[in-house]
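Protein chains in written order, with my numbering: chain A, 1 to 384; chain B, 1 to 384.
I should point out that these hints are in silico values taken from the structure, not numbers from a laboratory.
Hints should not be assumed to be uniformly reliable.
Identical chains blur together in the list; that is why a pair holds if it fits in one copy or across any two.
[To be verified] Under the rule of at most 27 Å between Cα atoms (straight-line distance), these lysine-lysine pairs were calculated in the DSSO-like manner: (1) K267 x K41; (2) K16 x K57; (3) K314 x K359; (4) K3 x K222; (5) K301 x K229; (6) K3 x K314; (7) K267 x K3; (8) K57 x K229; (9) K267 x K222.
Number of protein chains: 2
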Amino acid sequence: MEKVCVIGAGSTKYGKLDDSITDIAVQASVAAIESAGIKPKEIDAGYISNVFGIADKQVHLGPVIMSNLGISEKPSLSIESACGSGSVSFREAFANVAAGFYDAVLVTGVEKVTHTGTEWTTTYFSYCSDFFYEGQAGASFPGLFASMARAYLTEFNATEEDFAKVAVKNHENGLSNPKAHLRKKITVDDVMNSAVVASPLKLYDCCPFSDGASSVILCSEKFAKEHTKDYIQVIGSGRGGSPAALQGRNHLTTIPSTKLAAESAYKMAGLGPKDIDFAEVHDCFTIAEVVDSEDLGFFEKGQGAKAASEGRTKLNSEISINPSGGLKSKGHPIGATGVGQVVEVFDQLTGRAGEREVKDAKVGLTQNFGATGASCAVHIFQSV
Amino acid sequence: MEKVCVIGAGSTKYGKLDDSITDIAVQASVAAIESAGIKPKEIDAGYISNVFGIADKQVHLGPVIMSNLGISEKPSLSIESACGSGSVSFREAFANVAAGFYDAVLVTGVEKVTHTGTEWTTTYFSYCSDFFYEGQAGASFPGLFASMARAYLTEFNATEEDFAKVAVKNHENGLSNPKAHLRKKITVDDVMNSAVVASPLKLYDCCPFSDGASSVILCSEKFAKEHTKDYIQVIGSGRGGSPAALQGRNHLTTIPSTKLAAESAYKMAGLGPKDIDFAEVHDCFTIAEVVDSEDLGFFEKGQGAKAASEGRTKLNSEISINPSGGLKSKGHPIGATGVGQVVEVFDQLTGRAGEREVKDAKVGLTQNFGATGASCAVHIFQSV
Chain A
1 MEKVCVIGAG STKYGKLDDS ITDIAVQASV AAIESAGIKP KEIDAGYISN
51 VFGIADKQVH LGPVIMSNLG ISEKPSLSIE SACGSGSVSF REAFANVAAG
101 FYDAVLVTGV EKVTHTGTEW TTTYFSYCSD FFYEGQAGAS FPGLFASMAR
151 AYLTEFNATE EDFAKVAVKN HENGLSNPKA HLRKKITVDD VMNSAVVASP
201 LKLYDCCPFS DGASSVILCS EKFAKEHTKD YIQVIGSGRG GSPAALQGRN
251 HLTTIPSTKL AAESAYKMAG LGPKDIDFAE VHDCFTIAEV VDSEDLGFFE
301 KGQGAKAASE GRTKLNSEIS INPSGGLKSK GHPIGATGVG QVVEVFDQLT
351 GRAGEREVKD AKVGLTQNFG ATGASCAVHI FQSV
Chain B
1 MEKVCVIGAG STKYGKLDDS ITDIAVQASV AAIESAGIKP KEIDAGYISN
51 VFGIADKQVH LGPVIMSNLG ISEKPSLSIE SACGSGSVSF REAFANVAAG
101 FYDAVLVTGV EKVTHTGTEW TTTYFSYCSD FFYEGQAGAS FPGLFASMAR
151 AYLTEFNATE EDFAKVAVKN HENGLSNPKA HLRKKITVDD VMNSAVVASP
201 LKLYDCCPFS DGASSVILCS EKFAKEHTKD YIQVIGSGRG GSPAALQGRN
251 HLTTIPSTKL AAESAYKMAG LGPKDIDFAE VHDCFTIAEV VDSEDLGFFE
301 KGQGAKAASE GRTKLNSEIS INPSGGLKSK GHPIGATGVG QVVEVFDQLT
351 GRAGEREVKD AKVGLTQNFG ATGASCAVHI FQSV
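Okay, chain A solo, but in the shape it has when bound (with noise of 0.2 Å):
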């Protein structure tokens, strides 16, 4: 099995963006490809994450894009698995480097979802969801992280307060990221005192909708070596699913997919939680990276909110999490959201993180789920 590298990335911001879902995902891709100073035709292959792109009215991204990029005649395809579709698209480029098929691989998430307002967006969002039993009875995602939010405050020692503190992390630490969305201070009161929107979550517990595109480029050991000194190593790679809907689950403070996930990665790494220097996890909503930080092995079940609560999730305390500002406040722009957590990390071990550097990093990892985690990818890196 071939070593697997990350030797660039690069993204758009995120946030209401006016270009065209093609246009932003050709500018990550050229940012991706720039910054590992290879050329187009170098790339052997595209793998393409997106989930609504009938939003913008294109489809079959994969040949589009690398139509722009000058190489239409290179494979390309598009991964979905919902929210976490950018890191399961990862996930297929690392297994395709690894196994010999290709050298380099261009890996791009995009999504343009904003113009078609919320109303559209949270209906299509709730197709995510295992619509049968999920969706057409109303239970959109809001309401389905409430239902976590709820069991995790019954069952565990843990407030409402506690779940702010992590938007208000995210959110200190999106102000020093120039890709964010939301880059903006904000306190416990401005979270405690925003709109509830699903009883325990208020607004400030919630990501926004975001458009956005990142990229990377993945490529083996040696052509790796060929082009740069600046580059990471993948060394560990899981995936994992749990039953689709929520009622499936025998708890609802858990998440299989991850544990499953991180298991995988964390024995192909050889590594534990304890190895871990900063970590860009799944934050959709407050509970989601209270609970992520548990299944990842961070912190004992239960205790992730007081954690949390207590800064040690902060950039550069105990375990740096989501230094990027994560979900809530860099953004969602769904199929790329996966893809953007390794930009961060690429970014963090290359020494270009600026403001929210994590000091003296060597190992990062990512976490990105699908829906209520029913699909989850875990990958660990190392700086070289």
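Start from chain A and add chain B according to the hints.
Structure of chain B alone, referenced to chain A:
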């Protein structure tokens, strides 16, 4: 690299189906699992192909299907490459098994569109083109393939009647396929007198919109030998791309992605066009089958239409093309189509094809493209 085998296959009927997208996907998956004689829990991952899940209010289909199969813990994903989604999903599953990441994988393609009406479907199909250059100019797929057909008629010694004979032949094959959408014998006159859709293409030159699901079980040779004697081997796999918009191509009478994919697949298999006993090719329009038969090397450029007209592609003739009835008669449930082609190859090479059996067939090929061939995958299989 592990040898990769297909040990089971199953399909729903193609046509207008009342069951939900989830239900038909599960029906096909169960049929494939039963045909393989394995237990669901022996499956390591699910590769789903689908384009318009949104039409039946269900995307993120993988976890929903896996949950219905009782194996929610297993990873899954959805792959989209327009009408070529099924073969690209098959290719990713192949790559993962070949690399040793998984022992046995479920590949399920599914589509549910007939309930949305022709207008919705035609509009959304056009989002699979390069929408900036094509769809928004009103160039939907019948128009784009009509351009290819007109160019072919202009450039080569061929007639509309030659194209019609492709439809007549595929309908004749489909008569013996109990799963086919349009099981109806037609004549050249029927085709010539049918309504003009986009000149020179008439209604009977066009495949239908279909609902349907198809599944196969892919596995390592070791797994295959432990479970059954009734399996086939994947001996070639290739992919390629073309300029996304037709206007970017140098010629309208050839599809570059098919030639690239075929070249790779033939090379991997160590075979050439003359070694292929039968082929399931992408005949979304009659002109497409003609072009495919040339790009795959079965006939010289410009000879495909006459070859079809002379009966050289009929069942048990020089090369049996689309013994299943093809997209034209069997139907075209977008995301399922490429997987359905593999189901036909499995049935043919394991003696399950009944009346439409290709005699003494040892080697079969599938070719499945997206849009006007912006993406294409070719696979070659042999009996063991």
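27 Å Cα threshold - placement of K57 relative to K16: both (17 Å within a copy, 26 Å between copies)
Alpha-carbon proximity context of K314 and K359, limit 27 Å: Within one copy only: 12 Å inside, 69 Å across.
Within, between, both or neither, where K267 and K41 count as close if Cα-Cα is 27 Å or less: between (35 Å within a copy, 22 Å between copies)
Intra/inter-copy verdict for K267 and K3 if alpha-carbon distance must be at most 27 Å: both (16 Å within a copy, 26 Å between copies)
Up to 27 Å CA-CA - K222 versus K3, copy category: both (8 Å within a copy, 26 Å between copies)
Identical-chain pair category, K57 with K229, by Cα at 27 Å: Intra 40 Å, inter 47 Å, cutoff 27 Å: neither.
Copy assignment of K301 with K229, given that the CA separation must stay at most 27 Å: The answer is neither: 40 Å in one copy and 48 Å across copies each exceed 27 Å.
Within, between, both or neither: K3, K314 at alpha-carbon 27 Å: neither (32 Å within a copy, 48 Å between copies)
Identical-chain pair category, K267 with K222, by Cα at 27 Å: Answer is both: 24 Å inside a copy and 24 Å across each meet the 27 Å cutoff.
Of the hints listed earlier, those the structure fails to meet are numbers 5, 6, 8, in rising order.
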